[in-house]
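Taken in sequence, the protein lines are chains A and B. Going by the numbering used here, 64 is the number at position 64 of the first sequence; the sequence numbering is gapless. Numbering-wise, the numbering used here comes out as the position in the second sequence, counting from 1, plus 69.
Quick caveat, the hints were computed from the structure, so don't treat them as lab data. Each residue gets a CB set at the ideal place from its N, CA and C atoms; glycine is no exception. Check before you lean on any hint, since a few could be wrong.
[Stated by the list, open to error] Just the calculated beta-carbon pair ranges, DEER-fashion: (1) A:Gln13 / B:Ser252: 57 to 63 Å; (2) A:Gln13 / B:Ala255: 49 to 55 Å; (3) A:Ala37 / B:Pro177: 35 to 41 Å; (4) A:Glu18 / B:Gln318: 51 to 57 Å.
[To be verified] In silico lysine to any residue, SDA-like type, Cα no more than 25 Å apart, as pairs: (5) A:Lys65 / B:Val322; (6) A:Lys65 / B:Leu187; (7) A:Lys56 / B:Asp72; (8) A:Lys65 / B:Pro129; (9) A:Lys56 / B:Val322; (10) A:Lys56 / A:Ala34.
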Amino acid sequence: MSDDTTADATSPQPSADEQLDALELSEEERLVLARVADIVRRINYGTVVLVIQDGKVVQIEMAEKFRLR
Amino acid sequence: MSDLVVPEAAPVATPEDRGPKLAVRDLVKTRRSTSGAIVTAVDHVTFDVRVGEFVCLLGPSGCGKTSILNVLAGLDEPTSGQALLDGRPITGPGPDRAVMFQEPALFPWLSVAGNVELALKLAGVPAAERTDRARLWLANVGLAPFADAQPHELSAGMRQRTQLARALATDPEVLLGDEPFGSLDAQARELLQDEMQRVWLERGGQKTFVFVTHNVREAALLADRVLVMTAAPGRLLEEVRISAPRPRQLDDVLVARVVSDVHELLMREVVRARAEGSDRPIVQEDEER
């Protein structure tokens with residue numbers, strides 16, 4: 001997901017920045033992505049679920065797992 | 070966008086908090102079997118429960134879940150380690166902790182309302198208040214028309230609802246449940262699970278719930294945190310923190326996913342325990358093991 005995971009210099013793939021620019025994300029969409037990124041950074045193992053209604057993310061749910069032994 | 074529902078930061082008990090509501094510290098519980106050998110039921114278990122949290126202890130039968138709950142309820146003492154309520158060792162049962170058992174344990178000679186009123190009397194509620202409070206809570210669990218019935222006239226689900234009303238009427242800070250819906254049929258169980266979610270929501274996260282169950286779906290549906298235990302002797306295996314708004318449904322994607330993950334983990338654990346022959350309680354011939 002970070003800039004350099006797919007940053008093969010010779011790759012014809014557009015960079016993450018270019019892809020994001022091309023999407024012309026709305027304020028709402030950027031907020032959702034920021035929230036998801038924040039959760040992804042916090043969790044080592046788990047699941048994130050986006051609940052979408054009428055084309056909009058209305059809810060983000062998550063379950064985080066910790067191995068105790 | 071302000072109505073986007075996002076999970077709050079993972080609930081972690083930190084030293085800056087005012088401290089956990091309940092704390093289990095290195096708890097060991099052994100008992101002597103009929104043959105005289107010492108059996109370890111709970112093996113060095115440590116966890117915290119924060120104020121307003123709903124925690125489910127989940128594990129294969131015989132893994133020591135009930136032993137832990139009995140220590141928290143003050144019905145049993147730790148062999149070693151500690152169980153703390155508000156930072157103080159638990160020395161016995163108290164009105165601050167209500168317990169729901171698998172069998173409702175209602176007094177058969179008292180009416181439904183009488184059972185609830187007795188709990189209120191024991192909790193020190195003035196006589197003038199008891200009737201109203203009992204009726205209110207019976208209405209809350211849908212039993213208002215049965216207030217004057219005798220327990221034997223009720224279905225199993227209704228007896229369990231009576232127990233729930235009795236437990237909550239005294240306004241305890243902590244509700245402990247030992248497989249409280251375990252003996253119910255699937256429909257009654259689902260109704261009561263919905264009831265529990267509603268009660269938790271209405272109490273505004275002020276009440277602390279610890280439920281023991283071997284039902285993965287129940288745990289995923291109800292809990293903020295699921296503590297998965299190993300087969301006997303019981304140790305903590307995995308913790309799952311679930312951040313999804315309530316009321317939840319069993320077919321919610323996240324709930325279904327947690328159920329499937331935890332179910333798989335438990336099945337692996339049961340198979341492992343069988344292979345090692347440790348699905349029977351481990352018997353210690355000497356103190357060392």
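### Query
Is the straight-line distance between the alpha-carbon of Lys56 of chain A and that of Asp72 of chain B 25 Å or less?
Measuring from Cα to Cα gives roughly 11 Å; hence the hint holds.
### Query
Does the structure keep Lys56 of chain A and Ala34 of chain A at a Cα separation of 25 Å or less?
15 Å, holds
### CB-CB spacing for Gln318 of chain B and Glu18 of chain A relative to the 51 to 57 Å hint
The hinted range 51 to 57 Å is violated for Glu18 of chain A and Gln318 of chain B, with Cβ atoms some 40 Å apart.
### Message
Range first: 57 to 63 Å. Now tell me if the beta carbons of Gln13 of chain A and Ser252 of chain B are that far apart.
### Response
Holds: the Cβ-Cβ distance is about 59 Å, inside 57 to 63 Å.
### Query
In this structure, is the beta-carbon distance linking Ala37 of chain A and Pro177 of chain B contained in 35 to 41 Å?
59 Å, violated
### Query
Are Lys65 of chain A and Pro129 of chain B close enough, with their CA atoms no more than 25 Å apart?
19 Å, holds
### Query
Does the hinted range 49 to 55 Å hold for Gln13 of chain A and Ala255 of chain B at CB?
51 Å, holds
### Hinted pair Lys65 of chain A and Leu187 of chain B, Cα distance within 25 Å
42 Å, violated
### Message
Please verify whether Lys65 of chain A and Val322 of chain B have alpha carbons no more than 25 Å apart.
### Response
16 Å, holds
### Query
Given the hint that Lys56 of chain A pairs with Val322 of chain B, does the C-alpha gap stay at or below 25 Å?
17 Å, holds
Checked against the numbered hints above, the structure violates hints 3, 4, 6; every other hint is satisfied.
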